[in-house]
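Residue numbers (our numbering), protein chains in the order written: chain L, 475 to 912; chain Y, 475 to 912; chain W, 475 to 912; chain B, 475 to 912.
Wrong hints could be hidden among the right ones.
Given that identical chains are not distinguished, each listed pair holds provided it fits within a single copy or across any two copies.
[Stated by the list, open to error] Think about it this way: if two alpha-carbon atoms lie no more than 25 angstroms apart in a straight line, the pair counts; the simulated BS3-like pairs of lysine-lysine are: (1) Lys609 <-> Lys492; (2) Lys676 <-> Lys858; (3) Lys565 <-> Lys875; (4) Lys875 <-> Lys676.
Quick caveat, the hints were computed from the structure, so don't treat them as lab data.
4 protein chains.
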Amino acid sequence: MEYFPAIPNARYEGPDSKNPFAFKYYDPDEKIGEKTAREWLRFAVAYWHTFTDGGADPFGAPTLRRPWNDAPTAIEAAEQRLDAAFEFFEKLGVEYYCFHDHDVAPEGETLAESNDNLDRIAKLALEKQKQTGVKLLWGTANLFSHPRYAAGAATNPDPAVFARAAAQVKKAMETTKMLGGENYVFWGGREGYESILNTDMKREQEHLARFLELAADYAREIGFEGQLLIEPKPKEPTKHQYDFDAATVIGFLDAHGLADRFKLNVEANHATLAGHEFAHDLAIASARGMLGSIDANRGDLLLGWDTDQFPTTLSDAVLAMIVVLRQGGLAPGGLNFDAKVRRTSIDLDDLFHAHIGGMDAFALGLKVAKRILDDGVLDLNIRKRYAEWDSTLGEEIESGKATFATLAERALEHGEPLRRSSEQEKIENIFFRYLVTR
Amino acid sequence: MEYFPAIPNARYEGPDSKNPFAFKYYDPDEKIGEKTAREWLRFAVAYWHTFTDGGADPFGAPTLRRPWNDAPTAIEAAEQRLDAAFEFFEKLGVEYYCFHDHDVAPEGETLAESNDNLDRIAKLALEKQKQTGVKLLWGTANLFSHPRYAAGAATNPDPAVFARAAAQVKKAMETTKMLGGENYVFWGGREGYESILNTDMKREQEHLARFLELAADYAREIGFEGQLLIEPKPKEPTKHQYDFDAATVIGFLDAHGLADRFKLNVEANHATLAGHEFAHDLAIASARGMLGSIDANRGDLLLGWDTDQFPTTLSDAVLAMIVVLRQGGLAPGGLNFDAKVRRTSIDLDDLFHAHIGGMDAFALGLKVAKRILDDGVLDLNIRKRYAEWDSTLGEEIESGKATFATLAERALEHGEPLRRSSEQEKIENIFFRYLVTR
Amino acid sequence: MEYFPAIPNARYEGPDSKNPFAFKYYDPDEKIGEKTAREWLRFAVAYWHTFTDGGADPFGAPTLRRPWNDAPTAIEAAEQRLDAAFEFFEKLGVEYYCFHDHDVAPEGETLAESNDNLDRIAKLALEKQKQTGVKLLWGTANLFSHPRYAAGAATNPDPAVFARAAAQVKKAMETTKMLGGENYVFWGGREGYESILNTDMKREQEHLARFLELAADYAREIGFEGQLLIEPKPKEPTKHQYDFDAATVIGFLDAHGLADRFKLNVEANHATLAGHEFAHDLAIASARGMLGSIDANRGDLLLGWDTDQFPTTLSDAVLAMIVVLRQGGLAPGGLNFDAKVRRTSIDLDDLFHAHIGGMDAFALGLKVAKRILDDGVLDLNIRKRYAEWDSTLGEEIESGKATFATLAERALEHGEPLRRSSEQEKIENIFFRYLVTR
Amino acid sequence: MEYFPAIPNARYEGPDSKNPFAFKYYDPDEKIGEKTAREWLRFAVAYWHTFTDGGADPFGAPTLRRPWNDAPTAIEAAEQRLDAAFEFFEKLGVEYYCFHDHDVAPEGETLAESNDNLDRIAKLALEKQKQTGVKLLWGTANLFSHPRYAAGAATNPDPAVFARAAAQVKKAMETTKMLGGENYVFWGGREGYESILNTDMKREQEHLARFLELAADYAREIGFEGQLLIEPKPKEPTKHQYDFDAATVIGFLDAHGLADRFKLNVEANHATLAGHEFAHDLAIASARGMLGSIDANRGDLLLGWDTDQFPTTLSDAVLAMIVVLRQGGLAPGGLNFDAKVRRTSIDLDDLFHAHIGGMDAFALGLKVAKRILDDGVLDLNIRKRYAEWDSTLGEEIESGKATFATLAERALEHGEPLRRSSEQEKIENIFFRYLVTR
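Chain L with its partners taken away, still in its complex shape:
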């Protein structure tokens, strides 16, 4: 059974193409510096948005009728979904996918049944992977949809829920390992609180730390060598989520001695919901050597919820890729499109258009970022701006030789520091030129 019979493979046709179905910028084999575009970008499709989700929103029923989800039983639908997914991956020309356990296999009546379902689908998925060469970027467990998790998974007031969540992560991690997944992600959408009145925040955070520790222990135990990633989000669905943003998560990991066992999966729209630019949270994570992977999408800054739109803002893609290039790449992480088509974009074609647009935006972002770094314009500007820190005084301070006493003495002697322009508009213009000039 073919699900996209009318749809050809998406191909690179170059910037002059007006074919909406073609890549204008993403040429997977193009060399960008020492790696190919494919190697830098490591694009992944999000199973949940693209194959499982039906387009419901808080005020509306599902709008997206996917033929593969139409089957007598949930497990048969899951099998069809897998077929559709791999057909899609191949036609799109993407190398990776990501999933939650219950995206790929339906939750059963019991945990045992859920595990069986997952085993059954995972076995098929492994075959598909072999046939197609498509790989698993990361797996994760859905610890937020089921009512049992309404008040938290690891941070639930009931340890039986903690145990249940542990069992689920254990299985999801085993499955991820079995499928050769290169990362395993933790997103704690229910790890937080709804009201401070009935919450023991301190104890809940300790439980979260314990959960992560046990997960990391288990990964080691089973020899899962993929990267463990935490994905920050400040709120939604929960009023306050403990993994608020990159800085909060890093602080939390430090405080609980877990910083060498986890990295971060930074999402654009989660960063902006926390009041940060996407590039900010990437830079925060990267500066600590903890930027592990990216959920590439786009929010609507005039809306207060996660819109998970496909990324088509070139400046954001460029700034993201600058961070990625500077740290030498994302592997074993990648660029997952945690993005969904609008619920009015009901055609199967729309799924392709959406991904093609996102991939092209990031491919162009990569090229522009490379040019900017090769030309050195930002680096040069920064080096010039901070040049005095490489002088005697700067070194004295950085090396620890200076004290308040020596500095005060110096300040008394030297008078007012020189004022220098930050030249912000000039650098913004230079950046603009890179965005619009090919």
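Got chain L; can you put chains Y, W and B on it based on the hints?
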């Protein structure tokens, strides 16, 4: 010279009073549990807002004509201002005040002159303190108003500015010590960035850490035994400030080995600008034993800037005082009103009304918080809600005995966890009753 | 079949009661001025949140298992739901309810079947109303949940959807009339756009106006004498909704000659999503004589979506009731709780607690508002503040006698206007005293 | 005296130029359709930000030392400022400027003195205009900076302030006329309220309407034929401003019979503060034929205040220019840069870089918009999407023939409307291609 000749001392007249000039709830000597209201609340007046500020805003010139600021020279104005301030403190019946160096003494042409100005005023202030018994809650250095700090103080691209800032903090700390200040505060309004394009975030943060370390060293060196406090704020005036919120600051201190040398001064309106409830940031800091002091004010959640209004929201005051009571008090910190009268409230009377309102709101907040804790309603509810964590399973997890393997086994055996209501509306109603019933 | 067998009728026990199940402030027969509390408040229960909704959110499945919704067919469930609803209304002691067509009766396979379903349930509802005395405050049609409305109902790019929506409103209006509904509401959750790129905003707005005009014509045609109400909301589910806020809706009605045919149903959480205080949008509508009814709930200003919490903020309730008292009441409108229990508040009891809290908050709000108006404190202050407008100059301007020429002449003669304090903090303190003193 | 001696005229060098001082896209004489770039864009420099402002912010003193503002008296500084301004206009190659009365001439001790100051400078300005050919796009009166306006100008509780404001607008309008200004702008930054507790909103809004009416009468009286423009802004400096957004202002003008006498000056950053996209407010105004002029700048959507940055977001410029092209141009309005250099961009060069960047962004925006409209891609898509509205059913509804009865009958007959994809991602990708392809 008297500045408020027509204004009597503010007195406690009890809840039935309709005298707008009287305290209805703040009776300083009333025993609330083991301490008096005065001892719990430790109210302080912010010198900058109340005596120095003229009511300018980004679109308008100063509106507040303060007679004490009308003098032939800045230093004479500063002397008059000091007189006015202590007259105000006494009439209001407040025990503490807080200042930045340049609130009390004008910045001179040179650093040496600035230091002299500060010495001259500090000497007078010390006398005033002795005469009146009013004490210094905390001092700080203004590292944000002068143009030299436009691109940061400790995080400036120029180390000469770092040195200048060090000199200024050194002097402000010495002055704070001389005046018996019980705390010293760091607010980094310019420590952050305007544009990620021209910023070396990592290096800047290292400079900030170094600055704090040198400050703590210097405090030790001169025997300043007061508490060192960092005041988080996410943005404004700077686009992004490194001391974003309580969690970020704690993480930063941990990462740089400074967590045992600093506590936090949490401000209501700064917490809300970071997307948190005031009580959230208090609880985060307190949970780590790092809630050192409070800037009690109120923001307008429909506006995106720091409005610094006087606090008159009872629920916020109650939640704040619950945190304070639970940690056994705030000393050596206190409750500073980092709040200003509206720029249309131009009369000297308005300064009294504003403070009386804020003090009454927090005094009533204290009483209500005490009743809530004494009645145990929240604690009981929380204990009941988390009761299972004190059972065998909870203990196994918390103590580290459980592993993913044992937990998964248990989950397979026990089936679906029981579902229990969070009873959120019920607890909100109980809280409401405490707010409205006397 | 009884659905709340263990739950007694909620009764008024007065402010000293600690019974969480009792009203402390809502005594329906208490005279507040010329009317009883019941007559002023006209409380209504929202059928959708309380009886139909299952507690799903964008990241989670339904959590609320309502026994009445458990039946072999949707129509049988609807019948049971009706029983439960009226049992609830009586036990709670509420006089009114509100519904969307598909809350009470399931949508059928065809429009005809949907209409039949609605007829069948409406007939039963009428009986229930007669038995219990509970009345319909307003009905409405759900023009947002079904996929056909994903891109708008009246503003859909396809006029066939406009026609379908017209048919549905026609039926809902007939049903509302049959049940003696006192109002009919239009909430245009999908009337707006997702992207300006593919939207003909002007034409869509004309279609919306036409739709409202036809609806008003039809109301007249069938002799429906209830009030027609538009409920503003700025966004969610749609990126931009045409009925953005009270001012926008009034402007829209004016522009299309519809202002004498519609009033507004103002919702607290919708006003705040538009950047306004609840009281602001009430005042805007009331000032034009267009405040028809209220959706009383509470948002979370730190979250960017409609949380629809039960209202327990006394100050908001007081400010709302001041507007209501000033305009002499809300009838034929009322106070509908467009509020839902949290999805973790899974017990049937929670439904009662939630409503009791909301009703008590507004009952106390009514009493406090009445005292404030009786004491005249706000009015007096305003009269004093604007007193000069009742002087010669004020009258000249207001009456139209003054021109720029006469005013400029006067300004040249009189010099600088006197400055007067707005006394904002003083008036805030007075307001605070009313909130906390009984 | 030359103020920018080292700075050459800014010239067009084309897209390949790397000279940061050159225009890459703004070639004033280039024909874009039937007009030149200059004629479409009608760029104007904002006198206040570029020549008068010193870079102060709520937490910091002025940072920008402008040599022209350094003079023994304010009026001499004003004269120098005028010289600098016209030198700047010429070197930049801009055709228009805009001012508030007190940007160009200092406020005097009395109104008479202020008027004299304005006369003196205006006379010089007229000469400069003649010499250079630079023209006045619009004038306005600053009714927000002086303390007398703290509680409103037209909406002040004191009619004497209304009179004072009238006198000031009278003079500013006369001056604008004398200088051949093509528009006159009203921005009501203080027309609104700080607290609903002490405000008579209804009366204030009537005063505002009266003020506008008198102003329009006066314009007619003196034969000022320029366009009268209202500039919406939702808040800042005032908590709530009556001219909230385009829709609110249009509604207000309609309600007071003023809609044929005023158009709108829409500002990007004001629209976003009101929760709208820039293009939204432009489209709202244009749809009513009321888009008169544009304040082209850029906000920071993660900050809650007006940042007034120079516009460098191509997509915003394109969407704006699409609206402008569709309505056939902006004249007699124009594109004013209500934007300022960052306070750390302290060099005179920075003023040029900033304007060059903004002009280039809008010039490129114009070209891309023209290509999009010429290619018809958006229009075609919209025509296709709404095609059914041009069919029989659509016409019946639009023409007024259909009623709820006929529509319901049709809906019963025809069954479920067809579902069509909105193809949002596809259209976004097409738009993206126009942004990045030259």
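Hint by hint, here is what the structure shows:
Taking CA atoms no more than 25 angstroms apart as the test, Lys609 paired with Lys492 passes in neither setting, with 31 angstroms inside one copy and 43 angstroms between copies. Only between protomers do Lys676 and Lys858 lie at most 25 angstroms apart by alpha-carbon distance; the minimum there is 16 angstroms, versus 45 angstroms within a single protomer. In the homo-oligomer, the alpha carbons of Lys565 and Lys875 never lie at most 25 angstroms apart, since the shortest distance is 61 angstroms inside one protomer and 49 angstroms across protomers. Proximity of Lys875 to Lys676 under the C-alpha cut-off of 25 angstroms is restricted to the inter-copy arrangement: shortest distance 20 angstroms between copies versus 39 angstroms within a copy.
When the structure is compared with the earlier hints, violations turn up for hints 1, 3 and for no others.
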